[in-house]
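K.L.:
Residue-level listing of the chains:
Number of protein chains: 2
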Amino acid sequence: MKIVVDIGACDNPEEVVRGCALSLQEDSSTNLIISGDENFINKVLSEYNVDRNRLEIIDAKEVISNEDVPTVAIRRKTESSLVKAIDALKSDDVMGMVSAGSTGAVLSGGIFRLGRIKGIHRPALAPILPTLIDGKEVCLIDCGANVDCRPEYLVEFAMMGVSYMKTVHGVQNPRVGLVCNGVEDKKGNELSKEVFARLKALPINFVGNMEAREALSGDYDVLVCDGFVGNVLLKTVEGTAKMVMKLLKTSIMESASAKFGALFMKKAFDKIKNKMDYQKKGGAPLLGVEKIIVKSHGASNASAIMASINQVKKMYEGNLIQNIKDGIATIAAVEENNDANS
Amino acid sequence: MKIVVDIGACDNPEEVVRGCALSLQEDSSTNLIISGDENFINKVLSEYNVDRNRLEIIDAKEVISNEDVPTVAIRRKTESSLVKAIDALKSDDVMGMVSAGSTGAVLSGGIFRLGRIKGIHRPALAPILPTLIDGKEVCLIDCGANVDCRPEYLVEFAMMGVSYMKTVHGVQNPRVGLVCNGVEDKKGNELSKEVFARLKALPINFVGNMEAREALSGDYDVLVCDGFVGNVLLKTVEGTAKMVMKLLKTSIMESASAKFGALFMKKAFDKIKNKMDYQKKGGAPLLGVEKIIVKSHGASNASAIMASINQVKKMYEGNLIQNIKDGIATIAAVEENNDANS
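Residue numbers (the numbering used here), protein chains in the order written: chain A, 21 to 362; chain B, 21 to 362.
None of the hints are false.
Copies of the same chain look alike in the list, so a pair counts if it fits in one copy or across any two.
Derived lysine-lysine pairs resembling DSBU-like cross-links, with alpha carbons at most 35 Å apart:
1) 301 <-> 97
2) 207 <-> 345
3) 97 <-> 206
4) 97 <-> 213
5) 269 <-> 186
6) 156 <-> 186
7) 186 <-> 207
8) 269 <-> 334
9) 301 <-> 22
10) 266 <-> 220
11) 291 <-> 266
12) 63 <-> 301
13) 213 <-> 301
14) 301 <-> 287
15) 266 <-> 300
16) 138 <-> 213
17) 81 <-> 207
18) 300 <-> 81
19) 287 <-> 156
20) 138 <-> 206
21) 279 <-> 295
22) 207 <-> 110
23) 287 <-> 334
24) 206 <-> 81
25) 333 <-> 186
26) 206 <-> 110
27) 186 <-> 291
28) 300 <-> 287
29) 333 <-> 220
30) 138 <-> 186
In case anyone wonders, no lab produced these hints; they're calculated from the structure.
Given only the sequences and the hints, what does the whole structure look like? Please build it.
P.N.:
What follows is the structure, encoded as structure tokens:
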């Protein structure tokens with residue numbers, strides 16, 4: 021089984037290739053296909069001793085950039101590394117794809133060129149964020165694939181998030197929170213109120229409405245919201261963490277004694293920086309498409325790419341796609357039953 | 021001119037009274053009315069030497085709690101400190117109100133018992149947040165008063181935020197950002213796209229879509245969004261700042277050298293804590309109602325109450341209500357003109 025890696029229009033394409041080379045070295049069961057400019061790939065690979073029997077290259081000189089209109093580019097740029105990677109992904113012996121390219125293009129490619137899982141209205145992007153509790157992470161679904169949502173989309177997001185956290189993170193009975201403007205059952209906007217009622221009816225561990233203040237508390241395994249809200253939540257986490265660290269740095273530089281004190285705290289600072297750099301620990305899975313896709317950050321370094329490749333393996337070994345299909349069947353069964361009883 | 025202070029159902033009612041006493045001592049031009057249990061108020065005031073000629077007490081033994089349904093409580097609990105404070109606020113010689121009580125009740129009271137400014141569809145709650153730049157703050161409007169919004173509401177929020185930042189913070193030409201899932205003009209959900217087009221047409225400094233990552237960068241003076249999104253943004257800021265500080269504390273406690281280093285950094289830590297404790301610097305104005313209302317945090321201490329009282333004065337002296345009325349007239353004129361031309 022192979023994993024296809026699209027170099028795409030990312031910030032550091034060398035790092036993507038390096039990540040592939042290191043993955044091949046690290047695990048002898050890894051087989052990769054790299055999609056991108058063959059000359060460039062070979063040049064970077066020449067620095068590494070890799071087993072070429074476990075590596076294929078798809079030569080694709082075209083790239084889909086962040087300036088392209090994703091839906092159009094996916095149809096027209098058929099020679100691009102992403103389109104060629106997705107076409108490779110359709111093959112039975114390819115288990116999944118990693119791309120560090122344009123998020124919009126990966127979404128469009130996954131949804132329109134690869135295809136949705138039957139019964140899923142809208143695939144969603146589900147980054148995995150750190151929490152206050154060491155070793156515990158939380159899945160935020162959706163974080164931007166769907167900015168206008170109907171209630172059924174969020175119900176499916178919840179079920180996909182549960183499948184992911186069970187399969188990949190080994191959480192037995194994931195705690196699902198619905199992002200809301202208060203914890204009370206009656207809080208929420210029109211969308212979230214309808215979703216609340218429908219999640220209550222499902223055989224999942226739905227703990228109710230939650231406030232964004234607790235997003236990273238470790239109390240939740242899955243946070244459900246529409247992609248507009250999720251995007252705001254995700255970016256606010258990033259912006260605030262960066263701001264606090266920057267303020268701290270400025271305050272330290274202003275005082276000689278603080279500067280002296282900081283010398284003894286490098287490890288403590290590094291630990292936080294490392295924790296908040298969640299993008300280095302893997303990518304955001306695009307859940308709800310027919311095969312496994314992990315979107316790595318555009319600024320990924322080699323270790324982030326390695327982490328994303330490992331993530332694909334875990335998703336595949338855990339049989340995630342089938343688990344999502346089972347989850348969708350559960351939703352259909354519960355809602356059909358409710359309709360029959362009402 | 022007087023300011024009425026509602027003790028309400030807050031965490032530390034003594035602190036609210038103390039804040040009033042200190043305000044009276046600090047500024048001899050301050051005249052206050054305190055609404056709440058008279059015996060309790062007098063007991064707390066007995067600790068202070070205050071000029072009773074500048075202080076009235078409205079005896080109100082009933083409180084509206086966070087458990088009450090706001091719209092119902094505002095109609096039925098006519099003996100409550102909040103309802104009595106709002107009734108006092110209607111008088112011509114009262115310039116504004118401060119309340120540390122239930123947010124929902126303050127909103128309902130302001131909107132239904134006091135009344136909206138003509139032309140405003142929905143009043144909004146607009147907390148003032150710190151930014152990376154010292155002395156620069158940003159107004160987030162709405163942060164929870166309106167969870168389901170139509171485009172015209174957000175257009176009015178923008179105009180009210182501009183009036184506030186001009187009047188109270190002396191910002192000449194406030195930079196307005198529309199909270200979005202990307203900075204590109206075409207990004208957004210159905211609501212924000214419609215708002216984008218309408219803000220473009222107004223004679224305000226609308227700088228376009230912004231990402232929540234930059235909310236506290238200091239690049240914006242007013243952030244516009246619906247109350248559901250604003251609430252998520254605000255609470256994510258709070259939660260993330262708290263998380264980073266907690267992680268830092270944990271890391272420090274784990275290491276003897278970091279503990280030693282931290283001794284030299286108390287000031288630097290305090291500076292950040294102080295910056296992020298924005299609620300101690302005043303309350304969130306409820307904009308769009310007929311008179312000035314500032315909602316203080318439920319856990320306000322005396323200095324937060326003093327800050328809120330000062331905020332009311334600034335809003336009054338800056339003629340905020342009239343400025344908002346002028347802003348609404350501008351929107352009406354621009355949109356009428358556009359309709360005529362289309």
